[in-house]
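*Asks:* Could you slot chain B onto chain A? The hints should help.
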Amino acid sequence: MELGKAGTETVVIHSVERDVALPVEPEEAWEAVTDPERLGDWLGGDVEMDPVPGSEFRIRFDGEDGDEARERVGFLEELDHEERRLSFWWRRPDDELATRVQIELEETGEGTVVRVIETSPLATLDLIGIPLPAPRSHGPLALALAYA
Amino acid sequence: MSPDEPVFAALSDATRRRLLTRLADGGPASATQLAAELPISRQAVVKHLDALREARLVTSERSGREVRYTVTPEPLADAVGWIADVGAQWDSRLAALQAQFSRSQTK
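Going down the list, the protein sequences come from chains A and B. Heads up: the first sequence begins at 1 in the numbering used here, then just goes up one per residue. Heads up: the second sequence begins at 149 in the numbering used here, then just goes up one per residue.
This is chain A alone, in the form it adopts within the complex (with noise of 0.2 Å):
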């Protein structure tokens, strides 16, 4: 979670951030990580998708538990093979508002970080450097969970 300012006003937004450390080179960890087929079988669905950036996707979750046993629904922002990045924005078809993910992959000598960065919508307007909305009368913290 960080917190960020509105104006003159502070709001909560939040992202959250894992990695995981792969025992091998950065090339096959990206292959992981952007082939349909190798990424659905690790998020837990079919991914519909064109490695190209801009394109949409879908995902359907094969998921047992309730929320996940849905699909999602999104763009490709990024996909940068020679800095082995990817960015995307999704979200639930009934979602109004996406969330941002970023995946990065990190050489370190045993092997390869895979890190992934899921940003709320208000946190990646002000990461993009997008003005947040003024708070109303309910004050900025109303205003955070109206978001969250």
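No wet-lab data here; the hints were simulated from the structure. Glycine included, every Cβ here is placed at the ideal spot set by N, Cα and C. Keep in mind that a hint or two might mislead.
Ranges of calculated distance between the beta carbons of each label pair, as one might list FRET restraints [claimed, not checked]: (1) B:Ser-250 to A:Ser-55: 27 to 33 Å; (2) B:Ser-211 to A:Glu-27: 43 to 49 Å; (3) B:Ser-211 to A:Glu-107: 37 to 43 Å; (4) A:Glu-31 to B:Gln-191: 48 to 54 Å; (5) A:Arg-58 to B:Glu-202: 43 to 49 Å; (6) A:Asp-50 to B:Ser-208: 48 to 54 Å.
Here are some chain B residues the structure puts well away from chain A; computed CB gaps all over 10 Å [unchecked claim]: (7) Thr-180; (8) Glu-185; (9) Arg-190; (10) Asp-198.
Partial list, derived from the structure: chain B residues whose beta carbon lies under 8 Å from chain A [unchecked claim]: (11) Trp-230; (12) Gln-246; (13) Gln-248; (14) Phe-249.
*Replies:* Just chain B now, kept in the frame of chain A:
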């Protein structure tokens, strides 16, 4: 003064936001633990935790010889819930990614 005022005052400080972030993301911790993890003295940590507790953003509970602090479900419930849900989803996905490689690899 609105009833939310102490909350905003508590959130206006960068160190306190950092402590809250740590507690929300990493789970309950003692002041000693927080001081060890962050570049903040234990004395300062205690002072900031007091401010957060007064704003009802954290609660404290004695556990053996130490006092452990936890983020209060309200008013940060939605944010904390989001972090916990999304974090748990990525934990399991990344575990599946790791499994792709341990299947095809002998250690």
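*Asks:* Is 27 to 33 Å right for how far apart the beta carbons of Ser-250 (chain B) and Ser-55 (chain A) are?
*Replies:* 32 Å, holds
*Asks:* Close enough to count: is the Cβ of Trp-230 (chain B) nearer than 8 Å to one in chain A?
*Replies:* 6 Å, holds
*Asks:* Hey, does the Gln-246 (chain B) contact hint survive, CB to chain A under 8 Å?
*Replies:* 5 Å, holds
*Asks:* Can we confirm that no CB of chain A comes within 10 Å of the CB of Thr-180 (chain B)?
*Replies:* With a cut-off of 10 Å, Thr-180 (chain B) remains clear of chain A, as the shortest Cβ separation is near 22 Å.
*Asks:* Using Cβ atoms only, decide whether Gln-248 (chain B) comes closer than 8 Å to chain A, and label the hint accordingly.
*Replies:* With a closest approach of 6 Å, the Gln-248 (chain B) hint holds.
*Asks:* Checking a non-interface call: every C-beta of chain A should be farther than 10 Å from the C-beta of Asp-198 (chain B). Is that right?
*Replies:* 19 Å, holds
*Asks:* Looking only at beta-carbon atoms, does the pair Ser-211 (chain B), Glu-107 (chain A) fall within the given range of 37 to 43 Å?
*Replies:* Since Ser-211 (chain B) and Glu-107 (chain A) have Cβ atoms about 41 Å apart, the given range 37 to 43 Å holds.
*Asks:* Cβ-Cβ distance between Arg-58 (chain A) and Glu-202 (chain B): within 43 to 49 Å?
*Replies:* Holds, at about 48 Å.
*Asks:* Classify the label on Arg-190 (chain B) as holds or violated, using whether its beta-carbon is more than 10 Å from each beta-carbon of chain A.
*Replies:* Arg-190 (chain B) clear of chain A: closest Cβ-Cβ about 23 Å, beyond 10 Å.
*Asks:* Under 8 Å is the threshold here; is the Cβ of Phe-249 (chain B) close enough to any Cβ of chain A for the hint to stand?
*Replies:* 5 Å, holds
*Asks:* Using the beta carbons of Asp-50 (chain A) and Ser-208 (chain B), state whether their distance is inside 48 to 54 Å or not.
*Replies:* Holds: the Cβ-Cβ distance is about 52 Å, inside 48 to 54 Å.
*Asks:* Looking only at beta-carbon atoms, does the pair Ser-211 (chain B), Glu-27 (chain A) fall within the given range of 43 to 49 Å?
*Replies:* 47 Å, holds
When the structure is compared with the earlier hints, no violation turns up for any of them.
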